[in-house]
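Engineer: Each chain is listed here by its residues.
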Amino acid sequence: MTKTDHYYHQSVVYGVCTLLFLPILATFLYSISSSWGATILPDGLSFKWYLQLWQDVRFIEAFGRSLLISSSALLLCAVLILPVMFVLFYYFPKLQKVFNFLILLPFAVPPVVSSVGLLQLYADSSLPIVGTPWILIGTYFTIAVPFMYRAIANSFSALNLHDLIDSAHLLGATTTQAFFMIVLPNLKKGLLAALFLSFSFLLGEFVFANMLVGTRYETLQIYLYNMRQTSGHFTSALVISYFAFIFLFTWLASRLSRGINS
Amino acid sequence: MNSIVLPDTAQIKTARFAKLTTGSLSRFKPLWLLLPFLLLFFLFQIAPMIWIIINSFVVEQQASLENYHTVFNSAFILQSFSNSLWLAFTSSSVSLVLALFFVASLRKVDSALRDAVVAFTNMTANFSGVPLAFAFIILLGFNGALTLLLKEAGLIDDFNLYGQWGLLALYIYFQIPLATLLLYPAFDALHEDWQAASDLLGANRWQFWTKIALPVLSPALLGTFIILIANAIGAYASVYALTSGNYNVVTVRIASLVSGDIFLEPNLAAAISVLLMVILGLITFINQRLIRRSYHDKN
Amino acid sequence: MSFVTVKQLLKRFGEQTVFEQINFTIQQGEFITLLGPSGCGKSTLLRSLAGLYPLDSGEVWLDNKNITSLKPQQRDIGMVFQSYALFPNLTVQENIAFGLKMKKLPSSKIQRQVAEIIELVELGGKERAYPQQLSGGQKQRVALARALVVKPQLLLLDEPLSALDAPIRKNLRQQIKSIQKELNLTTLFVTHDQEEAMTLSDRIFLMNKGKIVQQGSAEHIYTQPGNEFVAGFMGNYNLLSAPQASQLLGLTIQGKLAIRPESIYVRERGREYAAHISNPTAAIIKSHQLLGNIIRYQVQAKGCDIAVDLLNRSSERLLQPGSALELLFNLNELQQVS
Chain A
1 MTKTDHYYHQ SVVYGVCTLL FLPILATFLY SISSSWGATI LPDGLSFKWY
51 LQLWQDVRFI EAFGRSLLIS SSALLLCAVL ILPVMFVLFY YFPKLQKVFN
101 FLILLPFAVP PVVSSVGLLQ LYADSSLPIV GTPWILIGTY FTIAVPFMYR
151 AIANSFSALN LHDLIDSAHL LGATTTQAFF MIVLPNLKKG LLAALFLSFS
201 FLLGEFVFAN MLVGTRYETL QIYLYNMRQT SGHFTSALVI SYFAFIFLFT
251 WLASRLSRGI NS
Chain B
263 MNSIVLPDTA QIKTARFAKL TTGSLSRFKP LWLLLPFLLL FFLFQIAPMI
313 WIIINSFVVE QQASLENYHT VFNSAFILQS FSNSLWLAFT SSSVSLVLAL
363 FFVASLRKVD SALRDAVVAF TNMTANFSGV PLAFAFIILL GFNGALTLLL
413 KEAGLIDDFN LYGQWGLLAL YIYFQIPLAT LLLYPAFDAL HEDWQAASDL
463 LGANRWQFWT KIALPVLSPA LLGTFIILIA NAIGAYASVY ALTSGNYNVV
513 TVRIASLVSG DIFLEPNLAA AISVLLMVIL GLITFINQRL IRRSYHDKN
Chain C
562 MSFVTVKQLL KRFGEQTVFE QINFTIQQGE FITLLGPSGC GKSTLLRSLA
612 GLYPLDSGEV WLDNKNITSL KPQQRDIGMV FQSYALFPNL TVQENIAFGL
662 KMKKLPSSKI QRQVAEIIEL VELGGKERAY PQQLSGGQKQ RVALARALVV
712 KPQLLLLDEP LSALDAPIRK NLRQQIKSIQ KELNLTTLFV THDQEEAMTL
762 SDRIFLMNKG KIVQQGSAEH IYTQPGNEFV AGFMGNYNLL SAPQASQLLG
812 LTIQGKLAIR PESIYVRERG REYAAHISNP TAAIIKSHQL LGNIIRYQVQ
862 AKGCDIAVDL LNRSSERLLQ PGSALELLFN LNELQQVS
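Chains as they are written, first to last, in the working numbering: chain A, 1 to 262; chain B, 263 to 561; chain C, 562 to 899.
Derived from the structure by calculation, the hints contain no laboratory data.
Note that the structure is predicted; figures quoted are calculated from it, not measured.
C-beta atoms are modelled at their ideal positions from N, C-alpha and C, and glycine is treated no differently.
Wrong hints could be hidden among the right ones.
[What the hints assert, rightly or not] Just some of the chain B residues that point at chain C, by a computed CB distance under 7 angstroms: (1) A459; (2) D461; (3) L476; (4) P477; (5) V478.
With the rest of the complex left out, here is chain A (with noise of 0.2 angstroms):
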């Protein structure tokens, strides 16, 4: 590769960069700026507003909120989804294809379509949970299930998962004992970063939460929105803040990711 080529690949690598980083960085600005009015550099530099925000006792009960339901809902994804993902891998490799299809289906229906039903038949039914962090937790079940699948049946197929079984079962294993002592572990690491993934887009889900529970059961998202006629400082504290749990958990995943192809 030339000196030329070599300048143009890094060019576009930085300039597409910057773009993207451009809105992070204002809005870093703006979160420790004491004012910024009409000029295109702030006043001053403070960080009185993440001091505000973070002994907001209602931020960190919305936080706390996100944080919950966002992991319930994980956990219950992990626990159910695995047994399940067994046994397509190992009893009925055919049903494979019709849980392919399933998991299209939060694609082909956004969440604001879902919630058009959710809302009627949950609301005043047999099934109140309308209003409660109970349908969040079902909601955010289905988010999450697409990202597990896929990562875990990725997982899977780098295994030997018949020859594994079976050595298990020669020297004396159940199957139950070789799902706990041998496949999960090997899934250990793929699952890992599946669940940091889904758990930085939960923490970043708004339309459920908007449409389903509101301000009944404020998550980090509705409490952000409902903080947007309060100083533009605050809530870019409160945004930078939110961003910075994203990049650890992200960064935590891609780590994870990488061990398994090394």
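Following the hints, position chains B and C against chain A.
Structural biologist: Just chains B and C, lined up with the frame of chain A:
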């Protein structure tokens, strides 16, 4: 007794088959494990879908096509479809092209930079919805830093973030990381030696890309394009947060009919939803066919 | 000036030197093999000649033209890759025609030339097939045809046969050689397989750790290895230190000695041996390996373990482990190595 000796693989297969058929009903026992998952999935994904499809054909407790008539006769609703589709197609095309150049260059820079940028792209892919809308207001709102900068440079008079073009900028922003992450593995299909062979046979860069690289990548490009469109059509949070629900796209239209202050019409919302699902379903179906085609090419 | 001249080529990659002090000439129509172990720099050198990698210093001359700073498109060099590098979206016909299309030849001419070359590589009937539908050997012949049809001045082959099964490799090897001879095409062939190098080449350039350690005909390099590396690489030489060699032969030897297993003889009773044959040395058979037409005996003589190769003439004459024999050495075929 057994004078026939089976070759090894056949022996293994018959052994496994025997294991699975001893006690013919017990073979189906593992299927119970699917139940909890399927139940939950049904309750929260499938049941709403069924309600929507059925009730789109219901008006005042009676079967009717009136909802669909309303949809096709309402300029307002039709405008929401055209706005959504315009935003989807335009943002997907622009971000696809940008991502194409981005990934092509990304694969040629040194690995330290490349890994850092891939991690960064992963993180920005999560930057969407309400937080992104706020960030764009700061950057491109009436008093936004970039707006003021561009005004000072004389490039624009004013920039309406809350209209068509502002939204387009927003959509392009959140589509780029997705497009990049989808295209990145697709470039594995391009062997390094093809470029070398094509160079030695006299082709310049442009000819290499138009005659060899892009044709080979085309299933992946099309598949990515389609996912981008589906992603854009379904977007709600960013639009809603940016325009407070005032810009007319399909998702906002649907939401306004089932929540909010005005008169609620869930069945009409259902009809619009069905149409949206049909569009998205078609898109997903095409994508699956394309993925299968690229598998066949490889084999 | 020779057809191809290469002067003082140097290439670095960061701190590491990939190859240096590369100097050689090639006459028109010669078949040269660049031979060496993995990682010696031969592939990188080949690609640098093609213009695919830049050189840090040195000059490359082809047919009296300095091509050092020319782009690959302008060098008039053809190349066949180990991975075939066939364009998967084009048929066999279109792959082969690619270079001719780049030259903007009229399509009737292109059709004719492609048909001729397809006949030459014996791929008739496969014109409309896609690369994915072909076997390894067929793919390589398409790659060869594609490189040849543009009539390059120099043909480079980067381990083209390494990915193929043994019988196909042998077949294709002969086909490449006969086409090369027929077209009188100057060829530079890279391989790590010393047997391949010896069967195909007019001359061999042996590389190790980025330098050319010996150049010459196959016969020359094989029988007169310049140093320990060459001796170890080119055959199954027995390498002996000076004291070992002296003890074994009963003579005073200075410096290391390399002895080919096939140039050691077993003494037969009642035969007269010429003056250049040494005095007999007592030895005992330790084991043997049947290599097909040769039996390789591991023998211990005067405290040294050496290999002795004998032609496998008849199974009755197989010498058993433990049996005693006498070895004779051809003093003209002992090779001093540095």
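Engineer: Now tell me, hint by hint, if it's right for this structure.
Structural biologist: To see whether the hints hold, each was checked on the structure:
no. : hint : in the structure
1   : A459 : holds, 4 angstroms
2   : D461 : holds, 4 angstroms
3   : L476 : violated, 9 angstroms
4   : P477 : holds, 4 angstroms
5   : V478 : holds, 5 angstroms
The structure shown violates just one earlier hint, number 3.
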